[in-house]
Amino acid sequence: MNAPDTTRRDFLCTLAGCAAALAGACGDVTHTEFFRSHFKELTPEDLDGILKKIERECETKYGKDVDVKNTPAREGVQFAYALDISRCVGCRRCVYACVAENNQSRDPVVQWIRVLEMDKEKGIDFEHANPYYDAETVPRPGHTYLPVACQHCENPPCVKTCPVGATWKEPDGIVVIDYDWCIGCRCCMSACPYGARRFNWKEPSLPADEMNPNLHVLGNRPRPKGVVEKCTWCVHRVRDGRYPACVEVCPVGARKFGNLLDPSSEIRYVLDKKRVFVLKNELATHPRFYYFYGL
Amino acid sequence: MSVFGQFLRFVTGSVRIVTRGNALYWTWILSLLVMIAIGATAYVHQMQTGLISTSMRDQVSWAFYIGNFTFLVGVAAAAVLLVIPAYVYHWKPIKEVVILGELLAIAAIVMCALFVLVDVGHPDRLQHLMPGIGTLNLPTSLLAWDVVVLNGYLVLNFTIVTYLLFMLVRGKHPNYAIFTPLVLLSIPWAIGIHTVTAFLYNGLAARPFWNSAILAPRFIASALCSGPAVLVVLMQLLRRFTRFEIQDAAIWKVAELMAYAMFLNLFLLGAEVFKEYYSGTEHLIHMQYMFAGVGEHDAIVPFMWTAVACSFISFLLFLVPQTRKNPITLNLGCGLIWLGVYLEKGMGLVIPGMTPDTLGEIYEYQPSRTEWLVAMGIFAVGFLLFTLMVKVATPIMLGEFRVAGDEHAHAPAKPATA
Numbered sequence: 001m002n003a004p005d006t007t008r009r010d011f012l013c014t015l016a017g018c019a020a021a022l023a024g025a026c027g028d029v030t031h032t033e034f035f036r037s038h039f040k041e042l043t044p045e046d047l048d049g050i051l052k053k054i055e056r057e058c059e060t061k062y063g064k065d066v067d068v069k070n071t072p073a074r075e076g077v078q079f080a081y082a083l084d085i086s087r088c089v090g091c092r093r094c095v096y097a098c099v100a101e102n103n104q105s106r107d108p109v110v111q112w113i114r115v116l117e118m119d120k121e122k123g124i125d126f127e128h129a130n131p132y133y134d135a136e137t138v139p140r141p142g143h144t145y146l147p148v149a150c151q152h153c154e155n156p157p158c159v160k161t162c163p164v165g166a167t168w169k170e171p172d173g174i175v176v177i178d179y180d181w182c183i184g185c186r187c188c189m190s191a192c193p194y195g196a197r198r199f200n201w202k203e204p205s206l207p208a209d210e211m212n213p214n215l216h217v218l219g220n221r222p223r224p225k226g227v228v229e230k231c232t233w234c235v236h237r238v239r240d241g242r243y244p245a246c247v248e249v250c251p252v253g254a255r256k257f258g259n260l261l262d263p264s265s266e267i268r269y270v271l272d273k274k275r276v277f278v279l280k281n282e283l284a285t286h287p288r289f290y291y292f293y294g295l
Numbered sequence: 001m002s003v004f005g006q007f008l009r010f011v012t013g014s015v016r017i018v019t020r021g022n023a024l025y026w027t028w029i030l031s032l033l034v035m036i037a038i039g040a041t042a043y044v045h046q047m048q049t050g051l052i053s054t055s056m057r058d059q060v061s062w063a064f065y066i067g068n069f070t071f072l073v074g075v076a077a078a079a080v081l082l083v084i085p086a087y088v089y090h091w092k093p094i095k096e097v098v099i100l101g102e103l104l105a106i107a108a109i110v111m112c113a114l115f116v117l118v119d120v121g122h123p124d125r126l127q128h129l130m131p132g133i134g135t136l137n138l139p140t141s142l143l144a145w146d147v148v149v150l151n152g153y154l155v156l157n158f159t160i161v162t163y164l165l166f167m168l169v170r171g172k173h174p175n176y177a178i179f180t181p182l183v184l185l186s187i188p189w190a191i192g193i194h195t196v197t198a199f200l201y202n203g204l205a206a207r208p209f210w211n212s213a214i215l216a217p218r219f220i221a222s223a224l225c226s227g228p229a230v231l232v233v234l235m236q237l238l239r240r241f242t243r244f245e246i247q248d249a250a251i252w253k254v255a256e257l258m259a260y261a262m263f264l265n266l267f268l269l270g271a272e273v274f275k276e277y278y279s280g281t282e283h284l285i286h287m288q289y290m291f292a293g294v295g296e297h298d299a300i301v302p303f304m305w306t307a308v309a310c311s312f313i314s315f316l317l318f319l320v321p322q323t324r325k326n327p328i329t330l331n332l333g334c335g336l337i338w339l340g341v342y343l344e345k346g347m348g349l350v351i352p353g354m355t356p357d358t359l360g361e362i363y364e365y366q367p368s369r370t371e372w373l374v375a376m377g378i379f380a381v382g383f384l385l386f387t388l389m390v391k392v393a394t395p396i397m398l399g400e401f402r403v404a405g406d407e408h409a410h411a412p413a414k415p416a417t418a
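These protein sequence lines are chains A and B, in that order. Counting in the working numbering, the first sequence runs without a single skipped number right up to 295 at its last residue. Counting in the working numbering, the second sequence runs without a single skipped number right up to 418 at its last residue.
Keep in mind that the hints were calculated from the coordinates and are not lab data. Just so it is clear, CB atoms sit at the ideal spot from N, CA and C, and this is done for glycine as well. Hints are supplied without guarantee of correctness; some may be wrong.
Stated by the list, open to error - With a straight-line Cα cutoff of 20 angstroms, these simulated EDC-like cross-link-like pairs (lysine to aspartate or glutamate) come out:
| # | chain 1 | residue 1 | chain 2 | residue 2 |
| --- | --- | --- | --- | --- |
| 1 | A | K69 | A | D48 |
| 2 | A | K160 | B | D146 |
| 3 | A | K122 | B | E282 |
As the list claims (entries may be wrong) - Which chain B residues stay away from chain A? Per the calculated CB distances, all over 10 angstroms, these:
| # | residue |
| --- | --- |
| 4 | F7 |
| 5 | I29 |
| 6 | F274 |
| 7 | E282 |
| 8 | M376 |
This is chain B alone, in the form it adopts within the complex:
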């Protein structure tokens, strides 16, 4: 069979896999589709009325959408936490789930792109970003850099995963001369996407809350918490619902790494808090708005203390071996980390950075109904994409889905990298 023929069978086989499933699977898929439909309706409404249907205004001109974008860049970048130990230190148990990390990265980048898309006033002009037709303002615009690195990261991860799965599905080993350099490239690239996204804020001297040199390290540290939290939960789900064997040791190792990452995250936050409160310059007001409120403006304060509490409790849960190894406290910790980082990035970064505005005015922002619904729709798109990709990848990794003839029946049952 030609490679093209095999690829066609790979594609048709994949379609067959995603269209078969039990009641639970279809309930999940249909709920996601309903959420996507609701989100799309809200977005159409936003397109018709303009961004006035969000709560953003001139004073707070970036908010919930861009916060979600930032959070998801972190999730996408966090694939590295699994790739680094797996490929650099040859830790066997972790290698199996690297592919899942990369699938997660793909889904997260797609969500990132959608959050930028819904935030811009003229999505019909995005061709102005395309080299050749438009004018991508390099090297000075950080958003232009972000467009480049995020698209590159998407292509890179998509290539790695498709190549690996297509080789496995034919019962072949990947060509390591091609595969290893690509995987190694994805490590600095992952750090790169989150660094560039941090620089997008960091470079703006007009916003002292963001204009701090530890912003990029803080981004990386929090990403190394939130990304693996998803994967730890996913690994347990796969273990329960498929024949996929994932050792406890792999999960515990990831959880331990998350504890270190969370320590770093909290330490950097503490450094930031110290600097602002001790020096007490006029720049302190943003942090005051975040943690104490300014005058009667304190809508964000409960969220921020929740975030700090979540981060701190999950740090303790993952630090202590007994709670790290207990499935209940482990999953509780994952939930708290996710919530903590989501609040910190989704609301705690963007909104206090813009409140008060550059001329001292306080406009108290809270997401509008449209923003919640559109965001829900985008998350549903990401979860749907991720579900479908995992549904196809799992039987391939387990050796249950092959397109070649019987001569490869005894092909490796696990990813050749395992």
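Looking at chain A on its own, in the form it has when it is part of the complex:
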């Protein structure tokens, strides 16, 4: 950051001092947090301080050693996802694995993946879809199952609409949210055509023994109430070369994930050998999440 900018920020900081005091009185917002910069403008020291603070808070709250990472996107990696509708049986194992992996709230129930049961004869028809079917009795004859989560669009309407830039597309294609920057206005939820975003309507509850301590600052770290969250393709795993939890758990191998730029990747194979489509193609959001009928 250059000098004039710092001066301007300092000046505005002084001006807003009263507001800060007021906000501080309402919640436990510290001066540093109030005047924090946007995530992309944080200095390495500031970011390190933030990671450490989240670690301390988690250790106090959940009583275990946690590791909060900020693994950045790697050069030469463009993630994409493909799902074989003809294999999916609607067992919802992906939903539950995702909840466990990404520390979603148990009460109220927050799930990043919604599996829709559809009439085979109607094709993909959201109007008559049922997300509340009984997963014990699947697959029901005459039905197909369509799991939907964040599509990590090339042209994400949610990112466009956020008034404070709290959500953005990373260089490797993952759309992330900064939970410390989100003001909770829910514009992104109105803008998302895939119902992928979840709001924390109250303080999320997460039992300490079920808390996953392998955390990413823009991913699965525990969220506060009043902010939006969604699927990050398990950013804390995939940037370390692992599969997202839903891919790993899927009992029928319906889920494929990988690097578009790697010719030997599974995702490349699917795109080359299968005929894929995306949801709501007409909206030109250009999802990085492809569906196909493999059988």
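Chain A is already provided as a structure; the job is to place chain B on it using the hints.
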């Protein structure tokens, strides 16, 4: 006396005016304060438990608060209906009440800001919207644009009104080289705030119910009905309780303009209904939810038919000169317009737009007790603010409150613009 000294006396004089009043005045003020206290308590409860205390959920993630916000942006924008004829066509009788329109705009914008404030999950982070400290996501975010234009509109109207009143209170004419451009600027700006607010919905391709090019014109048309309805009632109240002289002709003219605006509003609604029902695509379901219900989900249907009936009856009442000029039917029409537009914007825009959700699920939303109480508190804040401003502005416009010496005793008794 220095200008600063005069301004101090203007302020202290204003405080004196608002702290004096009869029993009716104090009953009104105290009832508003009680409502504000109840609303504030409900909001504290909402802050503690989270927005779960509203009926909003992931499926319907904007609802009553944002609907009220939208309605009030319309009320604020409607000041133009009075400003345009008054300043552009020099229609004498209307000029007197332009200032009231601008005061109404100020109160409405304050309510708008409060409705956004209570809707967000983290009001303690609103500094993220401030340029310099935060990152206002321009030019792509329409909410960011709305923050800019609404604050600008507030500042603009506040400046115009304060300047005009401060000149009048000193028995001076406003400097038209400054004043007229500001007033003229407020006209497109008023259209702008409602257009940007319409675009906030309009730009979302995910929501076909809102993704219609006539949404912004519909917003403007309905605003030109609801805003003046408040002013028509207010003009009559002022005429009764103060020495303020407002000619019948001014009221009738406003009512006539409202009839045209309501025609346009109904016409645009009809165009929307035709397109959806005739083409009958999958997008029809939102309008079906609104007017007929889908399956057993029909909670909103009676409200929507009430809205249509209110709008249509008030259109007829204001169209026919006899009923427009009869005080009973005139005020009935104002009430019906207010109710019709309030239901249409407050519930009929936001809720059907989100029901069914983008994956086809129907979650039937109805406002929770917390939402009603918080909304009541915000309306009470707006009415209180408006009452106090009108209480100060009226004696100034009547020439009863002056801060300069006797040499200005014969200053114009009406706004110099009249």
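Any hints this thing doesn't respect? Which numbers, in order?
Number 7 - this is the single hint that the structure violates.
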